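Novice: Read off the chains here:
Number of protein chains: 2
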Amino acid sequence: MKINKDTNILIVGLGLIGGSYARGFSKAGYRIKAIDTDQGAIDYALERGIICAGTSKLDRSMIEAADVVIFALYPHIFREWIEKNQWYLKSGAVITDVTGVKGGLVRYIQSILRDDCEYIAAHPMAGCEKLGIEHSDEKIFYGANYIVVPTEKNSEEAKELCRQIGQILNFARISELSPEDHDEMIGFVSQLTHCIAMSLMTCDHTENLEDYTGDSFRDLTRIARIDETMWSELFLANKDALLHQMKLFTMEFSKLERMLMEGDKEGIKDMMRRSTARRKLFDKEVATDEHGV
Amino acid sequence: MKINKDTNILIVGLGLIGGSYARGFSKAGYRIKAIDTDQGAIDYALERGIICAGTSKLDRSMIEAADVVIFALYPHIFREWIEKNQWYLKSGAVITDVTGVKGGLVRYIQSILRDDCEYIAAHPMAGCEKLGIEHSDEKIFYGANYIVVPTEKNSEEAKELCRQIGQILNFARISELSPEDHDEMIGFVSQLTHCIAMSLMTCDHTENLEDYTGDSFRDLTRIARIDETMWSELFLANKDALLHQMKLFTMEFSKLERMLMEGDKEGIKDMMRRSTARRKLFDKEVATDEHGV
Chain A
1 MKINKDTNIL
11 IVGLGLIGGS
21 YARGFSKAGY
31 RIKAIDTDQG
41 AIDYALERGI
51 ICAGTSKLDR
61 SMIEAADVVI
71 FALYPHIFRE
81 WIEKNQWYLK
91 SGAVITDVTG
101 VKGGLVRYIQ
111 SILRDDCEYI
121 AAHPMAGCEK
131 LGIEHSDEKI
141 FYGANYIVVP
151 TEKNSEEAKE
161 LCRQIGQILN
171 FARISELSPE
181 DHDEMIGFVS
191 QLTHCIAMSL
201 MTCDHTENLE
211 DYTGDSFRDL
221 TRIARIDETM
231 WSELFLANKD
241 ALLHQMKLFT
251 MEFSKLERML
261 MEGDKEGIKD
271 MMRRSTARRK
281 LFDKEVATDE
291 HGV
Chain B
1 MKINKDTNIL
11 IVGLGLIGGS
21 YARGFSKAGY
31 RIKAIDTDQG
41 AIDYALERGI
51 ICAGTSKLDR
61 SMIEAADVVI
71 FALYPHIFRE
81 WIEKNQWYLK
91 SGAVITDVTG
101 VKGGLVRYIQ
111 SILRDDCEYI
121 AAHPMAGCEK
131 LGIEHSDEKI
141 FYGANYIVVP
151 TEKNSEEAKE
161 LCRQIGQILN
171 FARISELSPE
181 DHDEMIGFVS
191 QLTHCIAMSL
201 MTCDHTENLE
211 DYTGDSFRDL
221 TRIARIDETM
231 WSELFLANKD
241 ALLHQMKLFT
251 MEFSKLERML
261 MEGDKEGIKD
271 MMRRSTARRK
281 LFDKEVATDE
291 HGV
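Heads up: the protein sequence lines correspond to chains A and B, in order. So in my numbering, spot 12 of the first sequence is number 12, and the numbers just go up one at a time. So in my numbering, spot 184 of the second sequence is number 184, and the numbers just go up one at a time.
It is worth saying that the hints were derived from the structure and are not from the lab. Among the hints, erroneous ones may be present.
Okay, derived cross-link-like pairs now, SDA-like style, lysine to any residue, Cα gap no bigger than 25 Å in a straight line [as the list claims (entries may be wrong)]:
| no. | chain 1 | residue 1 | chain 2 | residue 2 |
| --- | --- | --- | --- | --- |
| 1 | A | K269 | B | L89 |
| 2 | B | K247 | A | G132 |
| 3 | B | K239 | A | G263 |
| 4 | B | K265 | A | G132 |
| 5 | A | K5 | A | I140 |
| 6 | B | K247 | A | I140 |
| 7 | B | K2 | B | H135 |
| 8 | B | K247 | A | T206 |
| 9 | A | K247 | B | R222 |
Residues on chain A that point at chain B, a partial pick, calculated with CB under 8 Å [claimed, not checked]:
| no. | residue |
| --- | --- |
| 10 | T55 |
| 11 | V189 |
| 12 | L209 |
| 13 | E210 |
| 14 | L242 |
| 15 | H244 |
| 16 | E252 |
Some, not all, of what chain B presents toward chain A, calculated at C-beta under 8 Å [unchecked claim]:
| no. | residue |
| --- | --- |
| 17 | E64 |
| 18 | M125 |
| 19 | A144 |
| 20 | I147 |
| 21 | T151 |
| 22 | G214 |
| 23 | S232 |
| 24 | M246 |
| 25 | E257 |
| 26 | I268 |
Keep in mind the model is a prediction, meaning the values are calculated, not measured. Backbone N, C-alpha and C define an ideal beta-carbon position, used for all residues, glycine too.
The whole structure should be built from the sequences, with the hints applied where relevant.
Specialist: Below is the structure:
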């Protein structure tokens, strides 16, 4: 199956990410339906033409009609939804998701899903510290990474369809990782960074610190505004990988602390040089450096 | 003394910050002279009209003519310059600086400076991960903090002149802190953040990590590109305050690690809520939230 303008696409969960998916698909000329328990979110999307149909009910006929279903829910709600409602899916439907941790989830859902449907996991690495469809914006995907997370159970066709979603939504880079590699990587680049930002934000209680804050501090704590329901669930779902990454970070941080204590200027400079060299690899667009030096 | 269009202003050190000062003053209609050991930097600034005169020599007459001298040098070079060359200063000259750590420096310079000159310390909290006058830009000061760092030795007049520099350069907020309070604050909002960014950048050696990086990671490591000569000096000059801040951070980070280990979801959520609430205070312009929700 390839997605075309006649493909019946259903999004379940119309929050920030589900809403941004809906906007992206609609802008690209696809017709999107949506289910969300919050009628307000559905009304918001209908009024603005973000979706062409939607409901806050468990509309059996809407589910049965869908060729592709995209779940943009909290992990445990996604799991429960499949457990309870998978029998309404059309035979041959492909389902995918946007969940941030894959380990337990992907293999579990694949193990309980009907044989005549296929679940291919995906992770759009984009977001925003604000929640809800009112903050949705298809542009959060431009320049971002989209990761297809297949297992040995997935067909080439489903992987191809999943990549196609990333293309339609204009992600900058589409790649593929196993659930295990995905979770290890996420433990580092996303979860560890949130742990750091939170700790930095809560470790000092000085009043009026905001009067003296430079951009460094703002950059490092932007993600300290964090949705506790979602992220506590994601952290615990990826506990082992995250704890491992926290340990690596702590060891490195302690090394720096020790060098400072000992006045080891050369050691500190060496670490700074390595940090600078490695950071350069992560620049989004080296070529467009405006100063051109 | 108040700065006016006839005030003879000399900048010593024409790098990123010195160059940005020169640009800001020139744009505001002041005539700026500069000394830098690098003739290339002087030529660059002269060709672009960033300064009206400049030299890479220790030009005695240029120093003698200056009413206000702004030092934008590495701390130890600033110290050496004053030790060696203060005798060339005009009687009554006010000198100021841009140095990032104040503790040892300010009181030392004040103790050795001639009685007929006054040194008032300042810290423009702005920068850029790139160095040199080619990257200078007066706009790095817009929206930024400018801190006057007086001691009991400073006159009201010098403080006023120092504030005026912040105003001419269009800093968003001008405040005053003692050298000790300044260094404690800087240990937290600037140095600790750089320590974290460096440690994060160097703790994981996975190849091709840049393919999977989201904006969180980029934000947290922007400042991991760090000038080792400058920053190793600043870290060591503020060793005690920085080590204290590193300890507070480590304690908070370990607390989170422990909650994760124990699966303490409520504890993690509580920390996330505190983090979110505190981070809101640091938003630059709450009023212009474009979504208006």
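Novice: Broken hints, numbered, in rising order?
Specialist: 1, 2, 6, 7, 10, 15, 17 and 21
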